[in-house]
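**Q** Chains as they are written, first to last, in our numbering: chain S, 1 to 211; chain W, 1 to 272.
For the chain S half of the interface with chain W, some residues (derived, Cβ under 7 Å), not all of them:
hint, residue
1, 18
2, 47
3, 109
4, 127
5, 189
Worth flagging that the hints you see were computed from the coordinates, not collected in a lab.
For clarity, every value in this text was computed on a predicted model and none was experimentally measured.
Don't be surprised by glycine CBs; every beta carbon is placed ideally from N, CA and C.
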Amino acid sequence: MLAILDYKAGNQTSVLRALRFLGITAEITAEPAAILGADGVIFPGVGAAGQAMNHLRATGMDNVLRQVVDQGIPLLGICLGCQILLEHSEEGDTAALGVVKGVCRRFLPEWRDGGEPIRIPHMGWNTLELLKPCKLFEGILPDDRFYFVHSFYTEPDSALCLAQTTYGLTFASAYGRDGLWAVQFHPEKSGRPGLKILSNFSRYCEERAHA
Amino acid sequence: MPEKKRLSKRLIPCLDVRDGKLTKGIKFRGNVDIGDPVETARRYYEEGADEIVFYDITASSEARGIFLDVVERVASNIFIPFSVGGGLSSVGDMRAVLLAGAEKVSVNSAAVKDPFLISRGADAFGSQAIVVGMDVKKVGRTESIPSGYEIVIHGGRKPMGIDAVAWARRCEELGAGELCVNSIDADGTLDGYELTLTRMICDAVDIPVIASGGAGAPQHLADAVTVGGASAALVASIVHYGQYSIAELKDYMEKSGVTVRRVRGMQGMASA
Chain S
1 MLAILDYKAG NQTSVLRALR FLGITAEITA EPAAILGADG VIFPGVGAAG QAMNHLRATG
61 MDNVLRQVVD QGIPLLGICL GCQILLEHSE EGDTAALGVV KGVCRRFLPE WRDGGEPIRI
121 PHMGWNTLEL LKPCKLFEGI LPDDRFYFVH SFYTEPDSAL CLAQTTYGLT FASAYGRDGL
181 WAVQFHPEKS GRPGLKILSN FSRYCEERAH A
Chain W
1 MPEKKRLSKR LIPCLDVRDG KLTKGIKFRG NVDIGDPVET ARRYYEEGAD EIVFYDITAS
61 SEARGIFLDV VERVASNIFI PFSVGGGLSS VGDMRAVLLA GAEKVSVNSA AVKDPFLISR
121 GADAFGSQAI VVGMDVKKVG RTESIPSGYE IVIHGGRKPM GIDAVAWARR CEELGAGELC
181 VNSIDADGTL DGYELTLTRM ICDAVDIPVI ASGGAGAPQH LADAVTVGGA SAALVASIVH
241 YGQYSIAELK DYMEKSGVTV RRVRGMQGMA SA
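Can you make the complete structure from the sequences, with help from the hints?
**A** See below:
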């Protein structure tokens, strides 16, 4: 059983639908016991960093997330979830969860992509340049594209960077280590390669739970 | 060959849905049903559509429930973003289609009548969820319409006296995440997108712009994103009647130097 963290930040149901399609059992929940008892936790999110952090603090979910990481329960952060696992976001000058070293910065409209000024948000399909082998990206090919929609990009501790993507600059589009992963793109909206990533995560959680 | 390691340009089929059925307006003959929207969406998804737009042209409120059911079935079967438009005039309307699984909502005439609908939607769901559709007609430059392009509603029948470029900027300020610029003059002609208008709007805003109206040949799509500067091109007739597949259109765009997303088959993807 996977837990999808419910904190009123958007795309939980999309993640749930994708998991269901894959035959993976999951529930959207805000119950600490259900979250800490899950084989793995998905931390989704769209919207503003400040609002999300306020909600997490007000409900005590920030501490639950820290416990998830401390106890080594596999965690997958998606989009906003990926951004606020870091220490700070330039979006609303927000102090974030700080479970991973790094910050989140704003794309600047004067940057260029393919000869034209970039448009913000970075919206659409882009590639991942995989930097090291990683269980989450098993079966992913260099030409596979993933759906992004974000106005801020993550700058984690460079040792943790797993994949990079170019838009105006080259940024970390995935970071982490075994069992603690964060992706800036939306695997639940990225067609087959995205579903493959969700199924890789689920398999990792299952193997760990039965080890 | 175009540069691969960069954001690709999107190809977006637009599906009109009436009473739960895929429909197409034929000049002087009204609408005819042309299939099941969920099946058609799934086919476009398999062929490599980057996103799908569903436009609800249902008139009655009973049929609204049928449409939401279509949205839910689409969301459970295709895993690319899709947006929903048609008849959304409140944050409550937006919430219903987003909860049913849409990624974005598209507002058009309701936003012209009540521009703060855009900011209320962006506050509630984030800018990334709010697309503003603009129907635009070429009218010639005047003092009140300095760009020469005017916002119209009701399928082009009602001019609003609003300059299209000024409206595009206003939408961006109010929190729109994307604009879909539809030329009423080009729509249905199959003669190509209105490139001057597309470029003018793209140069006026920093958010992504989708070109809409007029696609009849593969070259038109390439032109929309190169000459026009659009991030995406909306297509309807050119794909609905089997004239071109999504894959063929993308082949052509790629040969013209446009970065596109290609999908691969099931090989190596058995577990997903």
